[in-house]
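Undergrad: Fit chain B to the known structure of chain A by using the hints.
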Amino acid sequence: MTKDPYPDYMRESINKVEKTRDRRAKEVFDQCSPDEIDDVLSKYHPDFIKEQKTKLRFGVSKGEVVPLEVARVIETKSIINPKDIDLTKIDFDTDVLIVGGGGAGANAALWAMKSGVKPENIIIATKLRMGDANTTMAQGGIQAAVHENDSPAIHYVDVVGGGHYENDPALVKRLVSDAPFMLKWYEELGMMFDKFPDGTMDAIHGGGTSRMRMHFAKDYTGLEIMRTLRDAVFNSGVKILEFSPAAELIKDDKGQVAGAVLLNLDTQEYIIVRSKTTILTTGGFGRLHIQGFPTTNHYGATFDGCVMGYRAGVPLRLLKSVQYHPTGAAFPEQIVGLLVTEKIRGKGAQVVNKDGEQFCFPLETRDVEASLIIRECVGRDNGIITPTGQRGLWLDSPLIDIIHGEGTIEKNFSAMVKQFGRYGIDITQDPMLIYPTLHYQNGGLKINANAETPVPNLYAAGEVTGGTHGSNRLMGNSLLEVSVFGRAAGISAAKRVQKVSLGKLTLSHVEQYNALCDEYKVKNPPSPIFFPDYTQPKHKERLLTSKFLH
Amino acid sequence: MARIIVANTEYKVPSNLTIMKALEYLGWRLKRGVGCRGGFCGACSTIYRMKGDHKLYTGLACATKVEDGMIIAQIPISPANKKSYNIDSLKAQPNTILELYPEVARCISCNTCTKACPQDIQVMDYVQAALRGDIAKAAELSFDCIMCGLCATRCPAEITQFNVGILARRLYGKYIAPKYKQLEKRVKEIEQGKFEDELSKLTKASKQKLVELYAARVREEVKR
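Residue numbers (the numbering used here), protein chains in the order written: chain A, 1 to 550; chain B, 1001 to 1224.
Derived from the structure by calculation, the hints contain no laboratory data.
Heads up, some of the hints might be wrong.
[To be verified] Chain B regions said to be covered by chain A (calculated; three or more residues, Cβ under 8 Å):
hint	segment
1	1021-1029
2	1038-1049
3	1139-1152
4	1173-1179
5	1194-1206
6	1211-1221
Just so it is clear, the structure is predicted and the values come from calculations on it, not from any experiment.
All C-beta atoms, glycine included, are put in the ideal place defined by N, C-alpha and C.
The following block holds chain A by itself, in its conformation from the complex (with noise of 0.2 Å):
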């Protein structure tokens, strides 16, 4: 017999969420009323920790909030030195900078190329492979509203009230209208989604929807849609730059974005690229571990865009909200923090206390679902906690088969199957443990419906941006966000590339903002920051060059 993944006493819980799950298959939780909604969201979610936030104290949105970690890399000194730079040596001139290589990036190549741009004239620089990007993590699905039954206006009215009332109209708007195009898009590329024989693609719910139009590819949605676009990307003749990212934007003397200084990664020389238009596809900001929580993201997820479009001119908006996952992985240690896809409780299955007790509806919207979570743990002192001390919930996923049939957890979750299975659990037969995780940054640069920033010349697309998902996003709109504003961007960079007529190159931006952090005088290291540093202090003392990854 081969050795029980669980501690005992975490057992004897498994045991009494095994003996309530008959009963609990039958068990159907009413969803939270608005008063219950404001009630636990005010206590519970990490958002309303007033000591956790602070107001930004210089830059276009002076006086925004947002939390400590956003400020520490937002006020501070560029890792550059504009007087270090020479602006007259170009390495690439080209129409179309794209930077950061996950679903936004690809989109917005593939539809700049449609709409005219030669592929020779568009670059993609990202930190480090094309394709190495949230994207690829995303599981559960991407929503569309495609049914007889839905219309866009219903997903409207589920996103906004999702986003707690925040969100940009126009954004949502667009989101919704192009998003049966994006989905049939993707079916032209010849993404496997799953469907039925007829050709239906399979839909399900997802936290706060009215309808079922969550379409997956599996559990590796996500990895479906990023693969695809990156073998397109690949075919198309596009200019990669990998292990390249932006250090910051360039300007021009009309006050235009006009390019970027990136850095190469392993020479650790800086590449100056002059491009009639940049578009910003850099991701969000999971790695700067918000409030200390462990997070679902990607290496690179360090904030760099909106570090480089705030000095460069563009408000940042919403960023006081942070989206924490409901379900990240609470145990096995090596896995702690990362996403249990949304889906799973799409499919049937319930987040349960340490006696077997079901305790609130299980798709609520995610701040609301979290903060559930996080009460029925900390509030109620209801939950597990760990040999390491993290705590956690039970996520009972046998359940799911025995609503829909025996198989259906092999068939419809393999890489959940897989992320556990190697750390010798099986979901098909036990419950995971799962505890809130820093998943996305629901605000970000202000764009329009067109992903034009308000400075000239500069688009940005995807989780970078912010206004889209209000201060809350529905799962399933985060690959619909970077596929429908990546392709605004790539549209819109397109026609712009016709008008524009760059002047003489210019970092004077970053000199005044670095004179702004002198006069507020500043203590935080430079950013971006490109990557989390996991080494530790003894490690950190001794380093002899230490000019940045800090």
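TA: Chain B in isolation, oriented as in the chain A frame:
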């Protein structure tokens, strides 16, 4: 603690760490061989031997626990034979894959690729399916591929399996899987402006109105 050998030097690291976290424990600040850290991106392909064992093992650094006696090296990028094609001008015929990747015919059925796969995919079986011209089978069997490249690194016939896989899946998804007719219909309806008025009204609606609409929603029931 576990003794691991990195760059020919032996270190002691806590034995509950993954290979990736063990390297960080040793003070490495990773920039190659690291990506999503969750087993989805294939950036951290790793090969290792165990002291005293002739076999060469493969795994993802983010998802493989260190073991006593591990001799570790990372392969952050797999040099691949990637053919350039326009998916719109291909046809899903039995010979389509072979024409682009004729080396598939060199497969000697040694099953090394399958043994190397950290996703437990039956790699050799999908290569054989591709060889037979069974695109649907190759697509289905290769579906969980994260394109880490370990199969191609180990293949004695020098096949780039993961690129064969994605070609099979795209051919299947585009040409063989039945089309979603309601999706086509909905896209047309949107293009014809069917929802435009309603959406425009919503964008101008007051918060009070939206709160009412949100509260009045009836959640579609899940049929079980």
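Undergrad: It remains to establish, for every hint, whether it holds in the given structure.
TA: How the hints compare with the structure:
Only when three residues or more bring their CB closer than 8 Å to a CB of chain A does the claim for the segment 1021-1029 of chain B stand; here the count is 6, and the claim holds. Proximity of the segment 1038-1049 of chain B to chain A, defined as three or more residues with a beta carbon under 8 Å from a beta carbon of that chain, is established by the 5 residues found. Requiring three or more residues with a Cβ within less than 8 Å of a Cβ of chain A, the coverage given for the segment 1139-1152 of chain B holds, as 6 such residues are present. With 6 residues having a beta carbon nearer than 8 Å to a beta carbon of chain A, the segment 1173-1179 of chain B meets the requirement of three or more and the stated coverage holds.
With 7 residues having a beta carbon nearer than 8 Å to a beta carbon of chain A, the segment 1194-1206 of chain B meets the requirement of three or more and the stated coverage holds. Under the rule that three or more residues need a Cβ within less than 8 Å of chain A, the assignment of the segment 1211-1221 of chain B holds, with 8 such residues.
Consistency note: the structure conflicts with none of the earlier hints.
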